[in-house]
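Novice: Below, each chain spelled out in residue letters.
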Amino acid sequence: MKCTQIKNKLSDYLTGDINETARTDIQEHVTQCDACREELENLSAIWTKLGVLQEEQPSKELRSRFYETLEIYKNTQEQETVKDRMGSQMDSWFHRLVPQRPVVQFSFALLFLVVGLAAGLFIRGNWQRNAEIAQLRQEVGQIRQITAASLLGQETLKEQLGETGQNLQVAVPDRQTLLDFLGQTGSSSTVDTRLLALDILFPSSSETKQEYLKTLSEQSYPLTEIAKALASNIGRF
Amino acid sequence: MNPVDKATDNDLMILVRDGRVEKMAVLFERHHVMLFNFFLRLTGNRNISEDLVQDVFVRMLKYRSTYQGQNKFMLWIFRIARNAHIDFLRKKKNEVSMDEHWYEEPSSDPLPLEKTEKAQDAMRLNQALAKLPVKKREVLLLSRFQNMKQKEIAELLGCRTEAVKAMIHRAVKDLGKAYFELSGGVTS
Chain A
1 MKCTQIKNKL
11 SDYLTGDINE
21 TARTDIQEHV
31 TQCDACREEL
41 ENLSAIWTKL
51 GVLQEEQPSK
61 ELRSRFYETL
71 EIYKNTQEQE
81 TVKDRMGSQM
91 DSWFHRLVPQ
101 RPVVQFSFAL
111 LFLVVGLAAG
121 LFIRGNWQRN
131 AEIAQLRQEV
141 GQIRQITAAS
151 LLGQETLKEQ
161 LGETGQNLQV
171 AVPDRQTLLD
181 FLGQTGSSST
191 VDTRLLALDI
201 LFPSSSETKQ
211 EYLKTLSEQS
221 YPLTEIAKAL
231 ASNIGRF
Chain B
1 MNPVDKATDN
11 DLMILVRDGR
21 VEKMAVLFER
31 HHVMLFNFFL
41 RLTGNRNISE
51 DLVQDVFVRM
61 LKYRSTYQGQ
71 NKFMLWIFRI
81 ARNAHIDFLR
91 KKKNEVSMDE
101 HWYEEPSSDP
111 LPLEKTEKAQ
121 DAMRLNQALA
131 KLPVKKREVL
141 LLSRFQNMKQ
151 KEIAELLGCR
161 TEAVKAMIHR
171 AVKDLGKAYF
181 ELSGGVTS
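Heads up: the sequence lines are chains A and B, in that order.
Counting in our numbering, the first sequence runs from 1 upward without gaps.
Counting in our numbering, the second sequence runs from 1 upward without gaps.
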């Protein structure tokens with residue numbers, strides 16, 4: 001056996017991890033090879049010398065620290081076991097609640113879906129209706145406010161016609177009075193005012209009425225048209 | 001004697017894995033001194049070695065569910081021990097240099113008369129061990145003191161058996177040289 005092969009087996013020889021044949025081969029080789037014998041002797045010497053390193057004992061604190069840690073670990077484990085047990089019980093209850101057959105599971109799922117959809121539609125319909133009613137109420141309120149504001153800002157017919165109009169109702173007016181009245185009411189922006197003036201002027205001369213009717217000619221309001229037609233017809237009579 | 005005390009390490013660890021964590025106490029009593037000495041020869045420091053032993057048993061509890069059985073308890077415990085040591089080295093990397101400061105230096109005072117030649121040898125050997133690189137030291141200690149087969153060490157280190165054989169050879173050779181130097185060139 002060559003030196004390189006022997007050297008490769010020296011660790012086996014030292015550790016005892018070697019069969020008898022290989023051990024004999026090494027022992028025979030070193031009797032003839034000084035270099036290999038010297039190396040084996042040196043290695044064996046230090047290997048044997050390591051035996052003087054005797055086993056030492058750790059301090060007592062190591063043991064107490066370990067048992068303390070073990071106790072804490074056991075307590076933690078017990079707590080986790082209780083939690084796991086509770087969790088598994090919950091799972092078990094849930095498992096019992098849920099039907100096992102897929103057909104029944106599907107039926108339940110479908111039923112819940114339909115009920116959910118119906119509830120959703122019902123809630124949504126109510127909500128929309130309520131919203132519409134609220135909007136209408138708001139609009140009505142706004143109209144009322146506008147009307148009230150309009151009525152507050154509008155002069156009464158009597159006020160618009162003034163004293164002349166009141167006098168015309170109780171006595172036959174002269175021509176100048178009629179012309180004044182015509183000037184006063186003919187330019188009124190309110191159709192109703194002019195219609196009332198026309199009514200007051202009904203007993204007046206045909207010429208006065210025609211003058212006044214001209215002021216109404218620009219109106220497209222339906223009542224004005226009716227009033228013009230009536231005034232014209234009455235004039236013919 | 002409690003039947004549990006007769007159980008093998010493998011059986012006990014399976015019990016621990018399956019929830020009977022109190023059985024870890026038996027494993028502690030069986031192996032904590034062996035682990036302490038492994039770390040003591042590896043680090044040269046008693047306090048650090050005790051911390052590492054504690055760390056190993058905590059890790060055994062933490063990772064108990066990963067224990068596979070298959071009668072490889074010693075391999076498993078030393079894998080955990082190596083990882084604990086590697087993590088320790090990583091943490092301390094920038095704090096102190098192991099070879100310079102970790103080893104409990106011998107007193108510079110003259111040795112007392114009662115200190116035998118054996119004790120001096122032990123001190124020199126510890127100092128010589130500290131001069132070896134960590135991996136060589138590990139392999140040598142596992143082989144010499146833990147009686148692990150070269151094949152098991154290879155499995156533990158994740159390398160080929162031939163590599164472990166070569167490493168043991170070189171480690172013993174280097175240790176001899178360091179010891180010779182520390183002895184002042186005088187072999188005993």
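These aren't lab readings, by the way, just hints derived from the structure by calculation.
Being a predicted model, the structure only gives us computed values, none of them experimental.
Mixed in with the good hints there might be a few duds.
As the list claims (entries may be wrong) - Here are some chain A residues pointing at chain B (derived, C-beta under 7 Å):
# : residue
1 : Cys36
2 : Leu40
3 : Leu43
4 : Trp47
5 : Lys74
6 : Val82
For every residue, glycine included, the Cβ atom is placed at its ideal position computed from N, Cα and C.
Novice: Compare the structure with each hint and give your call.
Specialist: Against the structure, the hints come out as follows:
no.: 1; hint: Cys36; in the structure: violated (12 Å)
no.: 2; hint: Leu40; in the structure: violated (11 Å)
no.: 3; hint: Leu43; in the structure: holds (5 Å)
no.: 4; hint: Trp47; in the structure: holds (6 Å)
no.: 5; hint: Lys74; in the structure: holds (6 Å)
no.: 6; hint: Val82; in the structure: violated (13 Å)
Of the hints listed earlier, those the structure fails to meet are numbers 1, 2, 6, in rising order.
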